[in-house]
Amino acid sequence: MNSMTEGFLKAFSLIYNLDQELLGIILLSLKVSGAALIISSIIGVPAGAVIGLKKFPGRGFIITLLNTFMGLPPVVVGLFVYLLLSRSGPLGFMGLLYTPSAMVAAQIILALPIVASLCHSAIVAVDPIIGQASITLGATPYQKAVAIIKEARYGILSSVIAGFGRVMAEVGAILIVGGNIAGYTRVMTTTIALETDKGNFELALALGVILLIISLIINIALHLIQRKGMAGTIR
Amino acid sequence: MKKTVLIIILFLVAAILSEVNASSDKEIICASTTSTENSGLFGHILPIFEKKTGIKVKVVARGTGAAIEMGKRGDADVAFVHAKELELKAVEEGFFVNRHEVMYNDFVIIGPTNDPAKIKGIKSTIEAFKKIAGSASFVSRGDNSGTNNMELSIWKKTGIVPKGQEWYLEVGQGMEKTQRIANEKRAYTLTDRGTWLATKDKDNLDMVIVLEGDPTLFNQYAVMAVNPEKHTHVKYKEAMEFVNWLISKEGQQAIGSFKDKNGNQLFIPNAK
Amino acid sequence: MNLQLRASNITKSYHGDRVLKNTSYSFNKSGVYVLTGPNGSGKSTFLRICALLEEPDSGEISFLSDGKLLMNDIAMRRRITLLLPKIGVFNTSVFKNVAYGLKIRGHKSDGIKEKVDKALDFVGLSHKKYQKAITLSSGETQRLGIARALVIDPEILFLDEPTASIDQKNTKIIEDIIIRIKREERVVVVTTHDMAQAERLADFMVIMKEGKINEP
Ligand SMILES: Nc1ncnc2c1ncn2[C@@H]1O[C@H](COP(=O)(O)OP(=O)(O)OP(=O)(O)O)[C@@H](O)[C@H]1O
Ligand SMILES: [Mg+2]
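As given, the protein sequences belong to chains S, G and F, one line each in that order.
Per this note's numbering, the first sequence starts with residue 1, numbered consecutively.
Per this note's numbering, the second sequence starts with residue 1001, numbered consecutively.
Per this note's numbering, the third sequence starts with residue 2001, numbered consecutively.
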């Protein structure tokens, strides 16, 4: 219990005296996870939309596949990306192993199934009457799809939030492909793992608290956008 | 409008990626072990090396086996590890060149303060292990780390097969956690002096060193460069600058001057 | 001449149940057609097929203008509209709901604003312009549906039970709207179970029984 309170106290003093190294770690976390999330969303949302809107052979299989990948342990993804990017692997010539790009790649693999699958669910949950209404008002098939996607926008946003949660909290994959190199590929979660390993529980816990606060801020912001969707008046 | 937003977002991602990946040409990747990195040694010596040569050393810490494997696969330029047999084998296979011994630290056997197995006074590690077997519990890291390998090689010499025995606990954890578990279980364990010194007070361990100083327990660290004939992309020149610096007078001094936060010297430089 | 719709020999089955049985009818003249008939007789199905929302199993929907047969393409489809019993409110503002039909037709935002304001004024929803459409009452929702349909100035307008589950006051408002939207060159088709209402509105009465239309 003592180290708990100490951890919290240390967290606040760390935030208060934010040093350059810690700031770098926090920013790198946000940049890596942010880039991974944006790319996952740019691919995952349209993919989820297509799966949700179109009937095509193999659709059910793809959904099952996505759901399976959603639960994939990050370490397995990390190992897979490692073997891919290793100098002795098929993509080794790119020299990407132990770079932030490799971490982004691993996190895309982790976030993409979540974004696509939850986005698909959000679109399937839209009342079919919405599509019919758009058709009666003169929509083309494409415009109808857009209307349905817009209707699912808060659900889609949730899928992105879920993807963000997965990558921000993830440590197994980026540890393997990033190497946790100080000042280069060391992010919040890998620092937490390292400090825990070293027995610096207070520091690890403090970083955990900072991670929590960042997640909280981002989730509150996204929640506010969602709430706007439920509110009485909009302009 | 929407297209512009998309383009801006993509531009942003590209900017982030190019920024975070920005790296100077003069840098090498050094494969090392978790315990070495956790000791804080690199934080002490690398800035000195970088200041002198302008070469940035990026340390990737793994278990001993994985660290050597990294070099074999060409994912590192240099390896800084402590598993003599594995090192020599990898050199023999042609994966590494220019292996040099750099420094050592030593292992000690620790046990409950009241020493239930009466190990104190014994000089031979093998005898001590034989005596612990059966008369007290022993906690093993069980994680294929350098320490774990050292422990297993000692068991081998005793002729005892500890695996599966009631008194033998494999925990699969790092050194500090293993010590804490041994403390809870009133058991003995093999630890490195650095971890022991750094953590015994902090973790309130009710334990003492029961055996030390046996040459069997010395842990030799060595550095070796990845063979550029196996992997043409490696930065052999920079790697060799690092190797040569480590064994130079200056590098050796840097290692010797490294103290943990309690002021203890953890590594004894011994390059020839 | 107004746009004419000819439904010929329409059949439609759902899971083997024949709902429309070789049904034919032509909406030739402008005016209000009231379609009545028992529950489940196939009125809504007929309207959905006429409005090109659904394909018949057999038979044909054709549109004629000045005696010439038109292609059933998107341009044609955009000259007609159907107000569904559940109108399908988009989860956005009242304004944007009404603007939708104009937006997808590529209208400029100035023109959209003007037309939407006019349509909202017409159905008495101007004061709800920025409200979230899903928070409207049933009566208001129904009027929103009419505004959304009217704003695109359809030549044929199908209204499927526009006053079901609506109180008397709102029913009166909607009936007034229907009477006011009557004009030369517009066909309005309304389904209802309220016979008094049918009499108040109808220029033409159409009765459907068991998937067949009998002209009285
Ligand atoms: N999508 C559908 N799937 C299956 N059956 C349907 C479907 N649409 C309509 N039906 C069936 O077709 C028959 C006619 O339905 P329809 O809605 O056209 O009747 P209606 O005349 O509009 O009735 P009401 O006066 O109750 O609105 C009903 O038996 C209904 O169950
Ligand atoms: Mg009906």
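It should be emphasised that the hints constitute simulated quantities derived from the structure, not laboratory data.
Mixed in with the good hints, there may be bad ones.
So, partial list: chain G residues that the calculated Cβ filter (under 7 Å) puts toward chain S [unchecked claim]:
id, residue
1, Ile1009
2, Ala1015
3, Ile1016
4, Lys1026
5, Ile1029
6, Asn1038
7, Lys1058
8, Val1060
9, Leu1169
10, Val1171
Restricting the straight-line Cα-Cα distance to at most 20 Å, the calculated cross-link-like pairs of lysine to aspartate or glutamate (EDC-like) are [stated by the list, open to error]:
id, chain 1, residue 1, chain 2, residue 2
11, G, Lys1259, S, Glu195
12, G, Lys1230, G, Glu1212
13, G, Lys1202, S, Glu195
Note that CB positions come from ideal geometry on N, CA and C, so glycine has one too.
**Q.** Hint validity - Lys1026 (chain G) Cβ closer than 7 Å to any chain S Cβ
**A.** Since the shortest Cβ distance to chain S is 14 Å, the answer is violated.
Q | Cut-off 7 Å, beta-carbon criterion: hint that Ile1016 (chain G) touches chain S | A | With a minimum Cβ separation of about 5 Å from chain S (threshold 7 Å), the hint on Ile1016 (chain G) holds.
Q. Taking the least C-beta to C-beta distance, is Leu1169 (chain G) closer than 7 Å to chain S?
A. Violated, because the Cβ-Cβ distance from Leu1169 (chain G) to chain S comes to roughly 20 Å (cut-off 7 Å).
Q. Given Val1171 (chain G) as an interface hint, is the shortest Cβ-Cβ distance to chain S below 7 Å?
A. 14 Å, violated
Q) When you check the alpha-carbon spacing of Lys1230 (chain G) and Glu1212 (chain G), does it fall within 20 Å? A) Violated. Lys1230 (chain G) to Glu1212 (chain G) sits at ~41 Å, over the 20 Å cutoff.
Q) Does the CB of Ala1015 (chain G) sit less than 7 Å away from some CB of chain S? A) 10 Å, violated
Q: Classify the hint on Lys1058 (chain G) as holds or violated, based on whether any CB of chain S lies nearer than 7 Å to its CB.
A: Since chain S brings a Cβ to about 4 Å from Lys1058 (chain G), closer than 7 Å, the hint holds.
Q) For the hint on Asn1038 (chain G), does the least C-beta distance to chain S fall short of 7 Å? A) Cβ of Asn1038 (chain G) sits 5 Å from chain S, so the hint holds.
Q) Holds or violated: is the Cβ of Ile1009 (chain G) closer than 7 Å to a Cβ in chain S? A) At about 6 Å, which falls below the 7 Å cut-off, the nearest Cβ of chain S leaves the hint on Ile1009 (chain G) intact, so it holds.
Q | Given hint Ile1029 (chain G) near chain S, where the shortest CB pair must fall under 7 Å | A | 6 Å, holds
Q.
Is the interface hint satisfied for Val1060 (chain G)? The criterion is a beta-carbon contact with chain S at less than 7 Å.
A. 4 Å, holds
Q | Given hint Glu195 (chain S) paired with Lys1202 (chain G) - CA-CA distance at most 20 Å | A | 14 Å, holds
When held up to the earlier numbered hints, the structure conflicts with 2, 4, 9, 10, 12 and fits the remainder.
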